[in-house]
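As they're listed, the protein sequences go chains A and B. Residues 1 to 309 (the numbering used here) are what the first sequence spells out, left to right. Residues 1001 to 1174 (the numbering used here) are what the second sequence spells out, left to right.
Please keep in mind that the hints were generated in silico from the structure rather than gathered at the bench. Hints are not guaranteed to be accurate.
[Claimed, not checked] In silico EDC-like pairs for lysine to aspartate or glutamate, Cα to Cα no more than 20 Å straight-line:
hint: 1; chain 1: B; residue 1: K1077; chain 2: B; residue 2: D1067
hint: 2; chain 1: B; residue 1: K1077; chain 2: A; residue 2: D230
hint: 3; chain 1: A; residue 1: K100; chain 2: B; residue 2: D1073
hint: 4; chain 1: B; residue 1: K1071; chain 2: A; residue 2: E44
hint: 5; chain 1: B; residue 1: K1077; chain 2: A; residue 2: D95
hint: 6; chain 1: B; residue 1: K1074; chain 2: A; residue 2: E44
hint: 7; chain 1: B; residue 1: K1125; chain 2: B; residue 2: D1027
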Amino acid sequence: MTFKKRLLAVAASMTLGGFVLALPFAAQAHRGWIAPTATVLSGEIWVSFDAAISNELFYADHNPMRLDGVVVTAPDGSVDKIQNALTAKYRSTFDVQLTKPGTYKIGTASANIMASWTENGAVKRFRGTPEDFAEQVPAGAADLKTIKSFNRNETFVTRDAPTTTVFKPTGKGLELIPVTHPNDLVSGEAATFKFLLDGKPAADLDVTFAPGNARYRATPGDFKVKTGADGSFKVTFPEAGLYWMNAVARSGETGRRAGGEGGGPGGPGGAPGGPGMGDPGAGQQGPATPLAGDGTSASYTATLEALRP
Amino acid sequence: MKRTLSLLTFSALGAGAAVATPALAADLNVTVEVPRLTVAEYHKPYVSIWVEAPDASAAATLAVWYDADSKEDKGVKWLKDMRQWWRKAGRTMSFPADGLSGATRAPGPQKLVFSGAKGPLKDLKPGQYNLVVEAAREVGGHEAVRVPFAWGKPGKPASAKGTAELGAVTVAVK
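For reference, chain B alone in the conformation it holds in the complex (with noise of 0.2 Å):
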């Protein structure tokens, strides 16, 4: 996708939105996994998950956690730091988002589920897409863990593996 000045948050959505049927009523189970860091000064990390169209562009924010409890700063300086969710999607939000911001969670299994009857997945149309989950640690690194999955239909669990700030992101449509 060409990187213009355009608006290119929605283009996934497009004209069609206002005429797609509503997908089934299915919903997006996500489980991500936090990893335990063994490190000096550990910051429980920023993560944005989102969806991520075919062209790149992004379709859809279902979640971000950061620090919204901030004295300092409301937690948003650290925003751009989760930087292709930030580059498609997050600059042109205004936070806190209803429905979308949260804490940051601690180590473990998260387990999610984004609704298809309401909100951001609402409007979704069925097709192809990869579930993004992008963390970003003060003082650690950045990494973001693709997930394929199909909407419109429920669907087997498929999974990824992070690296260093992210272990394992399993999604399933059901």
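One chain only, chain A, in its complex shape (with noise of 0.2 Å):
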């Protein structure tokens, strides 16, 4: 990447003056989701999901998501298994049965380091996890940069009456903190949500939502809302249906190109070793080289439903 490219990659995902840049939603961007059959419950129920990296949503046309690290934290905070998973070419799918009251959340949560530094005078490269970093990267090494990211990718689903338990934060990354439920949403009224990053509020964070069905309409009805100081911000959704939300909170050095949505480093579906975007290092001939200095990155993604009135 060149400094140019750089310079145009960091500009697009801020905005300048307050003034949004116009840029035209990537329409080959490869979103990653987690959709529920319904969010909704009532009793003692099973809830199917579809889980794909998919650029129409929702869509199945990509990439199927790896379900290694999909987890289920039950109502009362305890860790759920999802059943009779299958991945297929395009999608996997898998079942949770709520055997509890409450809201469950369905999701993915992993860190990924982008490493470059130097050994006997040749740049070497790493990518992968933390606890790998630790066992293949020499301590001390000369030159190290390093581009840390934490990915989230979550749905909820209630059964009977909504409850807090899955929101509380661990201070990790980007995390929603509802102050409307996420199960409660319904279309044409306000719902307020918060944004933390590591723990403290996220302000000025642009958040995209994405309406699905978007095959049937002819512009894909893309919006962006902007946290404020609080981390908080208000969204009205349109009309009832599924929406993917998504933000990215990035400092320092990027290591990707352009495109302001999607994941950071480790792919937008979150998942480990799920199909990944935006890697500098992959399909590169020749020497690697090396990043040009020290980044973070924290991506949330989430699947909502509105319902109707």
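With the hints as a guide, dock the two chains, each given alone in a separate frame, to form the complex.
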């Protein structure tokens, strides 16, 4: 990546003087999602999920999401399991049995590190988990540069009354704090959410919403809102249906090409080993190039459903 | 009303409920017409009958007709389809609910009397409300019909008519 291109990449994720750069939403953006068949439920039943990385929402048209990292958090905070999991050509599917009343979180949360350093006069590159980084990258490596990323991709379903245990922040990456409960969304009503970045309010963050069923509309219908100083923002869902919500907070070196949405290094799916994008090292011929500097990236994706009034 | 995480169901009763003087012992007379539908697969509708306060919260649930005898899921699986009631009241209740749960009803006019002297209406403060009848039918549609009424003194009957899932709904305080 040339310096000029890198500047463009940084600019693309920034706003200048409050003016949101009118970048066209990249039609080729591969977006990861976990879509439930229902979000508001009564009684002890099952919910099915599709999980994929696709262009159109929510049609599985590109790659399945790997299910290795998908974790179910039950309303009491305990970890539950996905059942009947299957990974097909374009999508993965699985079921969750709602054995307890309350709100379930289903999603991935993964940390990733991209690094470059110099060893015996040659540039070395690494990309992987923090555990592998600790094993494979020598302590005190010369010219070490790292881009640390933390990606979340999740959805919520509620049996009976909504609960909030699964929203307890961990202080890692971007996290959604409900003011309005994500399973209490109705079209035409303003909902309020809040983002935390590493446990602190994520101010001035662009949040993208993309409605499903874009195939049947002339225009995709994506829109953006921005968080305030306290990390909160309001959104009104224009129509009932599924929505893909995404926000990315970056600082320092980005190590990726332009394009304002998706995930950080590690892929929009956020699943370990999931199909990635924007890895400058991938497919590279010749000697490895070093990272230009240190950076961090945190991405958050959720699939939300707004019901009819 | 702001849709926050707080339980909003009983806000209309609020702190005043404890000290409210009992309303006069008038009853709420309701007639609900379950329409006869000519469809290939007919299931009797699930129906919730509830009282909506001026702030759109649910002040009381009067009746819930559903298939509580269903072997598969005790009928609760479809309760959320009466979604306005479910959001404002049903999701915080447990089923079957004493005095509220009932079997689904056949097409025709269903005459109901809800006592003002006991049950959910006993502590309803005098004022303007809507009586909401909300129907959801398996492999069918969803409809809510609202009829305004004044609680606290006898009044003239009022009615409204549904367009698909419900016929005429008549409400009288007497």
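Here is how each hint holds up against the structure:
1. K1077/B to D1067/B: Answer holds: K1077/B to D1067/B is near 10 Å, not above 20 Å.
2. K1077/B to D230/A: violated, 39 Å
3. K100/A to D1073/B: holds, 15 Å
4. K1071/B to E44/A: holds, 13 Å
5. K1077/B to D95/A: holds, 17 Å
6. K1074/B to E44/A: Holds, at about 10 Å.
7. K1125/B to D1027/B: holds, 14 Å
When the structure is compared with the earlier hints, a violation turns up for hint 2 alone.
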